[in-house]
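Chemist: Those protein sequence lines, which keep their order, are chains P and Z.
Residue numbering for the first sequence follows our numbering, beginning at 21 and increasing consecutively.
Residue numbering for the second sequence follows our numbering, beginning at 14 and increasing consecutively.
Treat the hints with care, since some could be wrong.
[As the list claims (entries may be wrong)] Here are the computed lysine-lysine pairs in the PhoX-like style, where the Cα-Cα straight-line distance is at most 25 Å:
no.: 1; chain 1: P; residue 1: K224; chain 2: Z; residue 2: K17
no.: 2; chain 1: Z; residue 1: K285; chain 2: P; residue 2: K42
no.: 3; chain 1: Z; residue 1: K173; chain 2: P; residue 2: K386
no.: 4; chain 1: Z; residue 1: K173; chain 2: Z; residue 2: K317
Calculated directly from the structure, the hints in this document are not laboratory data.
As the structure is a prediction and not an experimental result, all values here were calculated from the model.
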Amino acid sequence: MTCGSVDDGKSTLIGRLLFDSKTILADTMTNISNTSKKRGMAAVDLSLLTDGLQAEREQGITIDVAYRYFSTGTRKYIIADAPGHEQYTRNMVTAASTANLAIILIDARRGVLTQTRRHSYLAHLVGIPHIVVAVNKMDLVDYSQDVYDKICADYTQFAKEIGLAGARDIRFIPMSALNGDMLVDRLDNMSWYQGETLLEMLEKAPAAHTEQSEQFRFPVQFVCRPHASADADLHDFRGFMGRIESGEIAVGDAVTVLPNGYQSTVKAIQLGDKQLQSAITEQSITLLLEDEIDTSRGDMIVKSNEATEPVKQIEAFVCWLGETPLSTARTYIVRHTTRESKAKIGAIHYKVDVNTLEEQQTNDLKMNDIARLSFKLAQPLMIDSYKTNRATGAFIVIDESTNSTVGAGMIV
Amino acid sequence: MTKKTLSHLDWLEAEAIHILREVAGQCSNPVLLFSGGKDSLCIVRLAEKAFRPGRFPFPLMHIDTGHNYQEVIDFRDRRVAEIGERLIVRSLEDSMARGTIVLKHPDEPRNKHQSVTLLEAIEEFGFDCCIGGARRDEEKARAKERIMSFRDEFGQWDPKNQRPELWNLYNARSHKGENIRAFPISNWTEMDVWQYIEREQLELPSIYFAHQRDVILRNGDIIPANVPLASGEIINKPKAGEQIVSKQVRFRTVGDITCTAPVYSDADTTAKIVIETATTTITERGATRLDDQTSDASMELRKKEGYF
Numbered sequence: 021m022t023c024g025s026v027d028d029g030k031s032t033l034i035g036r037l038l039f040d041s042k043t044i045l046a047d048t049m050t051n052i053s054n055t056s057k058k059r060g061m062a063a064v065d066l067s068l069l070t071d072g073l074q075a076e077r078e079q080g081i082t083i084d085v086a087y088r089y090f091s092t093g094t095r096k097y098i099i100a101d102a103p104g105h106e107q108y109t110r111n112m113v114t115a116a117s118t119a120n121l122a123i124i125l126i127d128a129r130r131g132v133l134t135q136t137r138r139h140s141y142l143a144h145l146v147g148i149p150h151i152v153v154a155v156n157k158m159d160l161v162d163y164s165q166d167v168y169d170k171i172c173a174d175y176t177q178f179a180k181e182i183g184l185a186g187a188r189d190i191r192f193i194p195m196s197a198l199n200g201d202m203l204v205d206r207l208d209n210m211s212w213y214q215g216e217t218l219l220e221m222l223e224k225a226p227a228a229h230t231e232q233s234e235q236f237r238f239p240v241q242f243v244c245r246p247h248a249s250a251d252a253d254l255h256d257f258r259g260f261m262g263r264i265e266s267g268e269i270a271v272g273d274a275v276t277v278l279p280n281g282y283q284s285t286v287k288a289i290q291l292g293d294k295q296l297q298s299a300i301t302e303q304s305i306t307l308l309l310e311d312e313i314d315t316s317r318g319d320m321i322v323k324s325n326e327a328t329e330p331v332k333q334i335e336a337f338v339c340w341l342g343e344t345p346l347s348t349a350r351t352y353i354v355r356h357t358t359r360e361s362k363a364k365i366g367a368i369h370y371k372v373d374v375n376t377l378e379e380q381q382t383n384d385l386k387m388n389d390i391a392r393l394s395f396k397l398a399q400p401l402m403i404d405s406y407k408t409n410r411a412t413g414a415f416i417v418i419d420e421s422t423n424s425t426v427g428a429g430m431i432v
Numbered sequence: 014m015t016k017k018t019l020s021h022l023d024w025l026e027a028e029a030i031h032i033l034r035e036v037a038g039q040c041s042n043p044v045l046l047f048s049g050g051k052d053s054l055c056i057v058r059l060a061e062k063a064f065r066p067g068r069f070p071f072p073l074m075h076i077d078t079g080h081n082y083q084e085v086i087d088f089r090d091r092r093v094a095e096i097g098e099r100l101i102v103r104s105l106e107d108s109m110a111r112g113t114i115v116l117k118h119p120d121e122p123r124n125k126h127q128s129v130t131l132l133e134a135i136e137e138f139g140f141d142c143c144i145g146g147a148r149r150d151e152e153k154a155r156a157k158e159r160i161m162s163f164r165d166e167f168g169q170w171d172p173k174n175q176r177p178e179l180w181n182l183y184n185a186r187s188h189k190g191e192n193i194r195a196f197p198i199s200n201w202t203e204m205d206v207w208q209y210i211e212r213e214q215l216e217l218p219s220i221y222f223a224h225q226r227d228v229i230l231r232n233g234d235i236i237p238a239n240v241p242l243a244s245g246e247i248i249n250k251p252k253a254g255e256q257i258v259s260k261q262v263r264f265r266t267v268g269d270i271t272c273t274a275p276v277y278s279d280a281d282t283t284a285k286i287v288i289e290t291a292t293t294t295i296t297e298r299g300a301t302r303l304d305d306q307t308s309d310a311s312m313e314l315r316k317k318e319g320y321f
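Please build the complete structure, drawing on both the sequences and the hints.
Modeler: In structure tokens form, the structure reads like this:
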């Protein structure tokens, strides 16, 4: 994911990365070159590659996340270009929630700004394991090492304050996305920088979430019961379908279905028509159990020795995304894995001022506010803390009247 | 110990299966849009992996422009028979007969009018979700679209006000009359699709592979000449002064005959197409879609009108 403040060159960075890695095809290049000329620009504006909406092109800003794809010889990448405008922070959170690495851009002329701090705080909160701080527009400060060093020092200080330093892998890089310094090619302007280019950093970053819990968590998405099938052998088939959110499972493992607590053993694991002996995190599979037990969508299958206690009260950090402020009087829907529950706000403990990191007392939350809340739930949820498990520690808040997603929650 | 991880293709497959099952779990009356093209054939395979040995928890639906290649229609019907699922066909011709689609002139490309017939079918059957094979790498408006994309009761997409989509917690809730468009292969590229087709050994309509075809060369585009329709009508006749020539071509996308152009190619196997895709210098739509090139925002405008 790329993020940072407005006009610090995120779209240009992606454009340049695609261009220098030879990902842009000829007709796309012709298109954006024509558009650049129409607008009277001297050079091709690479940001036109990602700003795809009419309103974005009119205003020259990014409103929503653009997903771009490129591959090097060794890896395939999905880049999410997140908007910098505060108004569109919810779209930045959308991009952050699935990202494995964040490139936080800083304009070398302006240093660490409010949006840099906000995005860093959010990247930390959402738990992105790898952070690359890209000090961009170095061409506009004469490629000065002093400017770069000062910004790195400022950022490091701020990263310590929010607990980002130490908790995450943070790297720094100076660059000019406009001219291409330090993205794919080093060029000659910053010989004082001996570190890796951006692409080298990307190529070396671990692809998997190494800190993810190893406990087996399998939320049931769909129950397959083809009892009306013409094939009589299938009349007793009962398959529990879902995606393994964490951990591994093998045929013969003892499992417990939550929240009921029924116990059984894994009889078979299927992926399509293939029979597997074992399956790993992120695989979408079908589980067959030895015993006929009542299980439906929203239940969670865990290994019997790794069970978690179903709870009807949770405490979490919530980023409020709705245009309508949170109301403590209302009932919301919480969706956690495949389970939905009605929820009431127990208490707003405090709201975080992202600039000062001060904890403030409040009775409501407006769009983009981040607060620590507790919820009372109608249905039990099988949770882990977000720190130990991104999948079973996360939830969304839905406004029942509009069906909009209005909150992103991370369980403490 | 290094953790075991999935290959890119396995990861994309697992994500798509997860999305299909979320649709089945969250929506009460979904439908899978199926044209017989390569993307929808991938989704059919993914649906088999997601729901077998059960039946698909949704029917298939084709919005037929009436300008489809007969090979593709025949293939569509054969594939549906093989998988034993239900196919609904709704055609633009019927909307024209009802007067809900009015063409400016008979040769006008019909792709954009699919929205009308699609919205009529959604209303007729009360579908609350349409699963489609759109990919974010196809076009820049698509690059902005959510996996579960909300449409209001007029079928409109509002790109400035999309639902945030966090983690893999998809929100496919809708009120009556509203609709979700679900895109399980959003994160796939054209290359991923071809690699998946090769790995799964999926059958495709023959026109995806290099073949000799009578064409007209018009303003730099390759126009298939004198194509017979199911109705017996012949379309794409040469204009005065134009010549018909035989060229070796294949189709990168398969859609309405009047707006889908083939490309020159020697690739007559899936393996050769994978190599061709890796080395091409033209995007899929740039090479083949005569209707996307009219303006910078033609896809965005169409999606705002209810296009899938």
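Chemist: Honestly, which of those hints from before does the structure not fit?
Modeler: Every hint satisfied by this model.
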